[in-house]
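Q: Take a look at the letters that make up each chain.
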Amino acid sequence: MTKTINRRSLLRGMIGGATVSMGLPLLNLFLNENGNAYANGASIPTRFGTYFWGLGLTDTPAGGTRWVPGKTGFDYDITPELQAIAAFKNKVSVFSGFRAIPDTSPNLVHWSGHASILSGVAPGSSGRFEAPTLDTRVADAIGGTTRYKVLDIDASISRRPISYSTRTGTTFASPDQSPLALYQRLFGDGFQDPNSDNWAPDPTIMLRQSVLSAVTDQRQALMRSVGHEDQIKLEQYFTSLREMENQLAVQLQRPEPRDACVLPQSPEELARAGSVDVVNNNTRVMARLLAMGLACDQSRVFNFVHTGGTSETYVPGQSKIYHQITHDEPTDAQLGYQPETSKLAGLVMEGFGAFLEEMDAIKEADGTLLDNCLVFALSDTGYAKIHSLENIPMMLAGGASGRHKTGQHIHAPGESVTRVSLTAMQLAGAPVGEFGSGSMRTARPVTDVIA
Amino acid sequence: MKIASISGLAAPLAFCLLASTPFSAPSLAADANNTAAEQSNNTLVVATRRLNEAQYRQSIADIFGDDILINARFEPERRERGLLALGNATLSLTAAGFEQFFNLSQDISAQALDAERRDAIMPCVPAANSSFDATCATRFISQYGELLFRRPLTQAELGARLATAATGTEQSGDFHTGLQLALASLLTAPEFLFRMERAEPDPEHVGQWRLDAHTRASRLSFLFWNSAPDAALLAAARNGELFTEQGLQTQVQRLSTSPRVEDGITAFLLDMMQIDGFDSMIKDASIYPKFNQLVADSARQQMVKTLVDLLVVRERDYREIFTSNDTFLNRPLAAVYQVPYTSTEEWAPYTFPDSAERSGIFSQVGFLSQYAHPGTSSPTLRGIKLHEIFLCEHTPEPPADVDFSAVRDSDAATSRERLLDHMSNPGCIVCHQRSDPPGLALEHFDGLGQMRKYENGQLIDVSADLFGNQFVGAQGLGRFLYHDPRASSCLVRNVYTYGTAQMPAGSQRAYINEQIAQFTENGHRLPTLFRQIASSPEFFHVVLPEGTQQDANQLAESVTAQ
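Protein sequences, first through last, are from chains Y and X.
Take the first sequence: its position 208, counting from 1, is numbered 208 in the working numbering, and each next residue is one higher.
Take the second sequence: its position 382, counting from 1, is numbered 382 in the working numbering, and each next residue is one higher.
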């Protein structure tokens, strides 16, 4: 593909220690998706990310809802479980009533819901998706010019790393799980300050490129003798390799200046505990690092997990975890909902509030980073007590550089969740016209929120 | 394209590999120079199994020395049907994972070829340090390429690395820098990071396939040593010895009597017993003040030490893992077990007295704390895991349509009563009547595994009834498991599956039954079981991947066309 640099001739000029100004050939990856203009610093890029939290929000068959606003369209009312995002109401669109439709596939608890939203296909078994997740398609469209194509972050402090991003359906991304790990990825070795006056290309990068080219040279020979499943795996391997090549190529380019980019302090390693206060704090610290990473243009696409599908978070000192409570707690006959569950849902949403606060805190041009982002927030389930695939809460936050008509409540009972997925991809700038399969196949985005 | 290829699973490509044109017998003749053997065009990759962290580390230590520092965070693994060995055969490498391995490759090659270590690992001295020596580079890349790829390099693979080394030498003015780059490239290659298992036409059975010699070598080596084949095993593969009964026996004997077999069996036990996740165990500090990371690490070590001592060092009957109270303690664990620690050593052997109510591996803090919640024990989780790990009985996903609204929150004092409340629900009872009883027998141990007799002031009842089998407490459960034939059968199946990354097929039932019978006859000894399975032809059974096409070149074209 873009292996056209004459490494040898460039290296000759550099290894002597001279800081030559390099005339790199015009690589495809330095052009925008249309290939007709530079992705220059003058225009601020649109970023895309997913934000996942576990166990949905409370919407009981018995007595109404704790989260669905009564009013649709602009200026919707703030319900108890949306309290945490009240300050950002005008920047967040809320989608209610949408459902995952598994057709003949089973309802795999705490799995089918977000698998449907993210991959468009209801999977046949837990732990696998049947198609790549939408973030990879957005990343293929807008993520090619930065050091990292995608950043994967898991703030949940869980027993195992949690990621719902996959290209193969079986191999999921390996997220950074602590602020320190995320800091090192973004601002550790290899970080180039876009605002530095004395930038010079690192001559060892070209030597490192030669390590990879010997591997890619063997790709054809290897692919010749593998079966279908292994082909998919090896394709993913070579995709990962190309991302590394891209990373090295980006580091040979002088970065565009970024006004909002200020190298942050290295965070302290936090104590590991899974209680919701700790997870929310972790979410805030990691969101702050992510926001600066985006402002410094280290990546334009991210996946952020607050808590996993069967969320193990809990209120400190309480012996039961959130997941258990959603199932065990009876519905209060008078209130019409599960009070403890609803309280936890509100606490979990505070994590999203903190996340948005951090994204909105960075100024970019006349607005904020959040205005230039599209954050697709979603959960695994509707009413968690019964593993409902109906009314799974979803939100789109941020202006997507003006493309998103923010601040609306869209209520569409029975509609497929993939309509919101498609909307998110299109707002983020991915050239996708159709998404999903079976009853979830759709070519209809939610046009109300598209400017 | 990705969507098409994944959802295309529904319509697997036409499969017409067998009963095909006669293939010429693949060349197994050793290349005289032990370099650059051409891979037969007829070989087929039948599996790609991602190296796990321990295998990666052990391979590097064996090939370059155990003082090479490996500082990295490895990608998460995936467990399928109870085994990581199965899950890892489905995994690829993410961008973040690739980056880690890429950085490691340069780190390791810089250490391996630094001025101090160089003499020990270089097979030759270059004519000059500042210019490229093709002969010496060829020797170096061939030798280490074979060790890392676990088979000789092809001419093309060698050529690509020679080019890297030559360019690197020219640019840097240093021969060893050039070699470092070539070595890093080997360490980054999929042929190192994945165990690529290959099959070739079987010259003795026309139309059938067999695992090629080097794949056989790797299966043996990873089974017994959890590492790449050593020079002797590679030589045996090159010479075709692994296709003869005697040659195979010689290697099985050599590998299984080496002290390194402890690494191999330990790796298996860690996988089967699911001894992982201790780095990220979470307990609520106000409920379990004695818990900290040191306790978690110690609990893991205790399980490993107990199992290795019992099954490998003393070669006891496997079933004693359910009944033996011989173990090891260190100071942090002694506090949790409420035992005075008097030894001056870091670890000391210890036997739980009868009154401790412990019984075997599942009654240790490691198991009990792993399968519990941050603030409470969980009979259900423990019961599910006991069935899964020791009996190979997997609990299905909870049905989505269970009517949880029928479940009433219970104020009952003990877990048993709370669970019994749930048992009134017909949707729940199907699974819980199986999962809960063994867990209820362990209720004298709290969420950290500490002994207790009371919960919320009420005496805990640890009697259990599992489909008519009645037992009391951990010791009763231990005796029940000791006599349950499913335990032996589960172990045998797991050893086979672990080594081959394939579940035994239905057609292999007789073979598995025969292995179980032999295992029983041999006194349920695990090391003997390893030898027995590795010596059987079924251990090298070929399962052709779905979508394999008849003509290898055709396949290559279809790949390019995508």
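Don't read these hints as lab results, they were simulated from the structure.
Since the structure is predicted, the reported quantities are computational estimates derived from the model, not experimental observations.
Treat the hints with care, since some could be wrong.
As the list claims (entries may be wrong) - Dumping the calculated EDC-like pairs for lysine to aspartate or glutamate here, alpha-carbon to alpha-carbon at most 16 angstroms:
1) Y:K320 - X:D326
2) Y:K405 - Y:D448
3) X:K305 - X:D326
4) X:K290 - X:E417
5) Y:K405 - X:E455
6) Y:K89 - Y:E350
Q: Does the structure keep K290 (chain X) and E417 (chain X) at a Cα separation of 16 angstroms or less?
A: Answer violated: K290 (chain X) to E417 (chain X) is near 27 angstroms, above 16 angstroms.
Q: For the pair supplied as a hint, K405 (chain Y) and E455 (chain X), confirm whether the alpha-carbon distance does not exceed 16 angstroms.
A: Status violated; Cα separation ~55 angstroms.
Q: Within a Cα-Cα threshold of 16 angstroms, do K305 (chain X) and D326 (chain X) meet the stated pairing?
A: Cα-Cα ~10 angstroms, so holds.
Q: Straight-line Cα separation of K405 (chain Y) and D448 (chain Y) no greater than 16 angstroms?
A: 8 angstroms, holds
Q: Would you check the hint for K320 (chain Y) and D326 (chain X), treating anything up to 16 angstroms between C-alpha atoms as holding?
A: 34 angstroms, violated
Q: Has the given pair, K89 (chain Y) with E350 (chain Y), been kept, meaning a C-alpha gap of at most 16 angstroms?
A: 14 angstroms, holds
Violation of the numbered hints given earlier is confined to hints 1, 4 and 5; the remaining hints are satisfied by the structure.
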